[in-house]
Structure formats: structure tokens, C-alpha cells
Amino acid sequence: SAVISQKPSRDICQRGTSLTIQCQVDSQVTMMFWYRQQPGQSLTLIATANQGSEATYESGFVIDKFPISRPNLTFSTLTVSNMSPEDSSIYLCSVHGKDSYNEQFFGPGTRLTVL
Amino acid sequence: KQEVTQIPAALSVPEGENLVLNCSFTDSAIYNLQWFRQDPGKGLTSLLLIQSSQREQTSGRLNASLDKSSGRSTLYIAASQPGDSATYLCAVKTGANNLFFGTGTRLTVIP
Chain A
23 SAVISQKPSR DICQRGTSLT IQCQVDSQVT MMFWYRQQPG QSLTLIATAN QGSEATYESG
83 FVIDKFPISR PNLTFSTLTV SNMSPEDSSI YLCSVHGKDS YNEQFFGPGT RLTVL
Chain B
6 KQEVTQIPAA LSVPEGENLV LNCSFTDSAI YNLQWFRQDP GKGLTSLLLI QSSQREQTSG
66 RLNASLDKSS GRSTLYIAAS QPGDSATYLC AVKTGANNLF FGTGTRLTVI P
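Top to bottom, those sequences are chains A and B. In terms of this note's numbering, the first sequence is residues 23 to 137. In terms of this note's numbering, the second sequence is residues 6 to 116.
Same shape as in the complex, but just chain A (with noise of 0.2 Å):
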């Protein structure tokens, strides 16, 4: 199984600001997922982010507001940019076991809320 950490855990912000959540992973993976899920939601992919290309955006969110970076095999960041209240959820990192088709890890998640 894989071991990922987020920073933060969680963090209040005010509206207009910016807010980067770190994830780190124990082991070297292709794929990192962020996702987010907002109050009472289920689960919703963001981007898909692979070490050296860009990311790709899921429909429904862009890059000018999720910028996404995966400088490394184990690490990527998220920045949720120009922040207003809608975008209080809880955050998630997530990467794949062996390969793709296997059992789905997740972090424990930034819980962010914007005043």
C-alpha cells in the first residue's frame, strides 16, 4: 500500500486569496489525483497530474484556478487560486497501488474553508 501526507490539514482563508495543499507519497507513482469534496458531496475528480507534462483537467475545472504542480515522482501541489466560500470542501490526494487497475489510496485530506 502507499503512505500520503497532506499539508495542510486543514486551513481557514479569507475570499480572494490563494491556498497551496502539498502531497507527498512514500513511493515512486505515475499518476497523482487531487480531488475534492465538498459538503455533504461525494468525491469529484479534479486533475489527473503525471511527472513532466501538464495536468489533465477533468470537465467543470481549469487550470487558471486549480494550477497544479508534480515537480518529482512522489510529490505534487495543488493551489486553489482567488478563493470564495464555494470552494470550502475537504481536498484529496490520491494514487493508484501497483499499476492503474489496482486498489486506489488516498491522503487524509486538507479541509479547507474560505470565509
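Rather than coming from a laboratory, the hints here were simulated on the basis of the structure. Treat the hints loosely; a few may be bogus.
Stated by the list, open to error - Calculated lysine-lysine pairs in the DSS-like style (CA-CA distance at most 25 Å, straight line):
hint, chain 1, residue 1, chain 2, residue 2
1, A, Lys29, B, Lys47
2, A, Lys87, B, Lys47
3, A, Lys87, A, Lys29
4, A, Lys120, B, Lys73
5, B, Lys6, B, Lys73
Said to hold, decoys possible - With the C-beta cut set under 10 Å, the calculated list includes, among others, these residues of chain A facing chain B:
hint, residue
6, Gln28
7, Cys35
8, Thr39
9, Glu76
10, Gly82
11, Ile85
12, Ser110
13, Gly119
14, Gln126
15, Gly129
16, Arg133
17, Val136
In this text, all values refer to a predicted model and were calculated from it rather than measured experimentally. Quick reminder that beta carbons are idealized off the backbone N, C-alpha and C, glycines included.
Keeping the supplied structure of chain A fixed, place chain B upon it in accordance with the hints.
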């Protein structure tokens, strides 16, 4: 597009009771199905993974079944404990990047 539904949305049981959580999905072309546990405000803990070729998986007091042709999975929890209280999510994988989640069942086990 794959749609995943979980019934019931919430369930409250007395400690010691056996219970079943249900998950249904609309497209049977899946690679696997995974059950997760989520505690309030926290991340997801993987409980069980069932590959598309398998019918069930067991881990301790948990047993998950999969009927791919009918688009259904169940999670059976034996002898429930207050520590089992959490939200349980099922998710189906339809491709390398495609993991579709249900809306979850919020379980409360009453001491």
C-alpha cells in the same frame, strides 16, 4: 456515464447487529470496485477491493460481494461496534483515471 448509488443514505443500528450496505452502478464494464471508510472531516481508508473477475472479498468482520452483471455490490459488517460508525463509500473503476464514487452511507452504531 457511470452512476453509482448507495442505499440507504443513513443507517443507525444497535451495537452487535449485523448489517448490509448496498451499492449499485449503471455500467457493468468495470475493472474493480472498492469500498472505503471515511470518518468525519477526514480522508478515505480503503477497506476492500474486488476485481471484476471476483465475487467477494473478506477482511475480518467485513465481507464485500460483487455481482457485475446486475451492477450491484454489498458490504456486510458482522457484529457491529461503535467504532464502525463512519461514512462508507463505494467506488467503481472504469479506466486508469476513472474512479466513480457513490454518495455514501452514513452508519451510526449505538452502544
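Right, here's what the structure says about each hint:
Only pairs whose Cα atoms come within 25 Å are accepted, and Lys29 (chain A) paired with Lys47 (chain B) is accepted, the gap being roughly 13 Å. For the given pair, Lys87 (chain A) sits about 24 Å from Lys47 (chain B) by alpha-carbon distance, which is consistent with the 25 Å threshold. Between Lys87 (chain A) and Lys29 (chain A) the alpha-carbon distance is near 19 Å, which keeps this suggested pair within the 25 Å criterion. Proposed proximity of Lys120 (chain A) and Lys73 (chain B) is supported: the alpha carbons are some 23 Å apart, at most 25 Å.
As the CA atoms of Lys6 (chain B) and Lys73 (chain B) are separated by approximately 16 Å, the hinted pair is consistent with the 25 Å bound. Taken as an interface hint, Gln28 (chain A) checks out: its beta carbon lies about 8 Å from the nearest beta carbon of chain B, inside 10 Å. Checking Cys35 (chain A) against chain B by beta carbon gives a least distance of about 16 Å; that is not within 10 Å, so the hint is violated. A distance limit of 10 Å between C-beta atoms decides the matter here; for Thr39 (chain A) the minimum to chain B is near 22 Å, and the interface restraint is violated.
Taking 10 Å as the C-beta contact cut-off toward chain B, the hint placing Glu76 (chain A) at the interface is violated, the least distance being around 14 Å. With 10 Å as the threshold, the beta carbon of Gly82 (chain A) stays out of range of chain B, its nearest partner Cβ sitting at about 13 Å, so the hint is violated. Violation of the interface hint for Ile85 (chain A) is found here, the shortest Cβ-Cβ separation to chain B being roughly 17 Å, above the 10 Å cut-off. With a cut of 10 Å, the hint placing Ser110 (chain A) at the interface with chain B is violated, because the nearest CB-to-CB distance is about 12 Å.
Given hint, Gly119 (chain A) at the interface with chain B, holds; its Cβ is 8 Å from that chain's nearest Cβ, closer than 10 Å. The restraint placing Gln126 (chain A) at the interface with chain B holds, with a minimum CB-CB distance near 6 Å, inside the 10 Å limit. Checking Gly129 (chain A) against chain B: minimum C-beta separation of about 5 Å stays under 10 Å; hint holds. Contact between Arg133 (chain A) and chain B, as hinted, is supported at the beta carbon level, the nearest pair being about 6 Å apart and thus within 10 Å.
For Val136 (chain A), the interface hint is violated, since its Cβ never comes within 10 Å of a Cβ in chain B; the closest pair sits about 16 Å apart.
The structure does not agree with the numbered hints 7, 8, 9, 10, 11, 12 and 17 stated previously, though it agrees with the rest.
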